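Q: Listed here are the chains, written in short residue letters.
2 protein chains.
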Amino acid sequence: MNGLKWSKIEKAVARQAFDLAYQRECATLASKLKEMVADVKGPADIWGIHDFLSEQRKKTDEKYDFRYSVLVFVLARLLKERWLEKADLDGLGEDKIEKIKYLAAMEG
Amino acid sequence: MNGLKWSKIEKAVARQAFDLAYQRECATLASKLKEMVADVKGPADIWGIHDFLSEQRKKTDEKYDFRYSVLVFVLARLLKERWLEKADLDGLGEDKIEKIKYLAAMEG
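For the protein sequence lines, the chains are A and B, in the order given. Per numbering that gives the first Met the number 0, the very first residue in the first sequence carries number 0; after that it's consecutive. Per numbering that gives the first Met the number 0, the very first residue in the second sequence carries number 0; after that it's consecutive.
Hints were generated in silico from the structure; no laboratory data involved. Computed from a prediction, not measured in an experiment: that's the story for all the values here. Among these hints, one or two may not hold up.
Note: identical chains are not told apart, hence a pair may lie in one copy or across any two.
As the list claims (entries may be wrong) - Computed list of lysine-lysine pairs in DSBU-like fashion (alpha-carbon distance at most 35 Å, straight line):
| hint | residue 1 | residue 2 |
| --- | --- | --- |
| 1 | 31 | 62 |
| 2 | 85 | 40 |
| 3 | 58 | 33 |
| 4 | 4 | 31 |
| 5 | 33 | 57 |
| 6 | 62 | 7 |
| 7 | 40 | 100 |
| 8 | 58 | 40 |
| 9 | 4 | 33 |
| 10 | 33 | 7 |
| 11 | 57 | 79 |
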């Protein structure tokens with residue numbers, strides 16, 4: 000996918016979608032965190048939350064990679080995981096949209 | 000302090016005090032965690048909580064060391080930090096109580 004050229008507008012659209020997905024995923028994580036914290040009954044629960052956050056941070060850092068060489072894969076994954084809707088990608092060229100949809104349908 | 004002998008009763012008293020301090024400190028940590036989580040406004044706050052828990056876990060793991068060779072130091076620190084009260088040490092021999100009080104007054 001290194002061959003894809005991203006126009007200035009496409010870069011802006013991709014960045015906005017990427018940031019939006021990150022905000023949405025983190026908002027869901029914050030809700031989960033609130034539930035877990037409300038249920039804390041002892042030390043083990045606190046460290047369980049720490050383990051959970053360590054894992055989420057690692058996963059999130061790996062997933063949200065904005066390099067253009069991997070961006071269609073990243074956007075496809077975010078679409079598949081429903082952090083993005085198709086409309087969030089409006090403004091990208093058909094070449095990218097097609098690849099993203101194809102990958103989203105294929106992956107996992 | 001390696002020379003101190005701990006009777007069976009003293010070991011039980013020390014264990015109980017140690018566990019009590021740990022429960023108290025973790026309960027305070029849980030309260031702090033609840034406050035932090037209630038204030039989460041975005042992703043950075045979530046990772047800030049993760050950093051905070053990483054630090055607290057490291058500190059707690061280092062502090063709560065039940066080896067008899069270091070136990071008077073540990074109990075002195077817990078007394079100084081008010082996770083323990085003097086009454087929690089009732090049942091320890093005078094030799095240990097004196098050392099713990101002395102260290103609690105000295106330390107830090």
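Q: Quick one: residue 62 to residue 7, C-alpha cut-off 35 Å, is that within a copy, between copies, both, or neither?
A: within (23 Å within a copy, 54 Å between copies)
Q: Reference check for the pair residue 4 and residue 33, CA-CA at most 35 Å: within, between, both, or neither?
A: neither (42 Å within a copy, 46 Å between copies)
Q: Regarding residue 58 and residue 33, is the shortest C-alpha distance of 35 Å or less found within a copy, between copies, in both, or in neither?
A: Result: close both inside a copy and across copies, 19 Å intra and 24 Å inter.
Q: At most 35 Å between C-alpha atoms: does residue 33 with residue 57 qualify within a copy, between copies, both, or neither?
A: both (20 Å within a copy, 23 Å between copies)
Q: One pair to classify: residue 57 and residue 79, alpha carbons no more than 35 Å apart. Within, between, both, or neither?
A: within (20 Å within a copy, 37 Å between copies)
Q: Checking an output row: residue 31 and residue 62, CA cutoff 35 Å. Within, between, both or neither?
A: both (19 Å within a copy, 30 Å between copies)
Q: Using 35 Å as the alpha-carbon threshold, which applies to residue 85 and residue 40: within, between, both, or neither?
A: Between copies only: 26 Å across chains, 42 Å inside a chain, cut-off 35 Å.
Q: How do residue 58 and residue 40 come out at 35 Å by Cα distance, when the copy is not named: within, between, both, or neither?
A: For residue 58 and residue 40, both the intra-copy (27 Å) and inter-copy (20 Å) Cα distances are at most 35 Å.
Q: Could you figure out if residue 4 and residue 31 sit no more than 35 Å apart (CA to CA) within one copy, between two copies, both or neither?
A: This pair counts as neither: shortest intra-copy Cα distance 38 Å, inter-copy 48 Å.
Q: Indicate which option fits the pair residue 33, residue 7 if close means a Cα-Cα distance not exceeding 35 Å: within, between, both or neither.
A: neither (39 Å within a copy, 43 Å between copies)
Q: Pop the pair residue 40 and residue 100 into one bin, within, between, both or neither, using alpha-carbon distances up to 35 Å.
A: Cα proximity of residue 40 and residue 100: across copies only (32 Å, versus 44 Å in one copy).
Going through the hint list in order, the structure does not satisfy hints 4, 9, 10.
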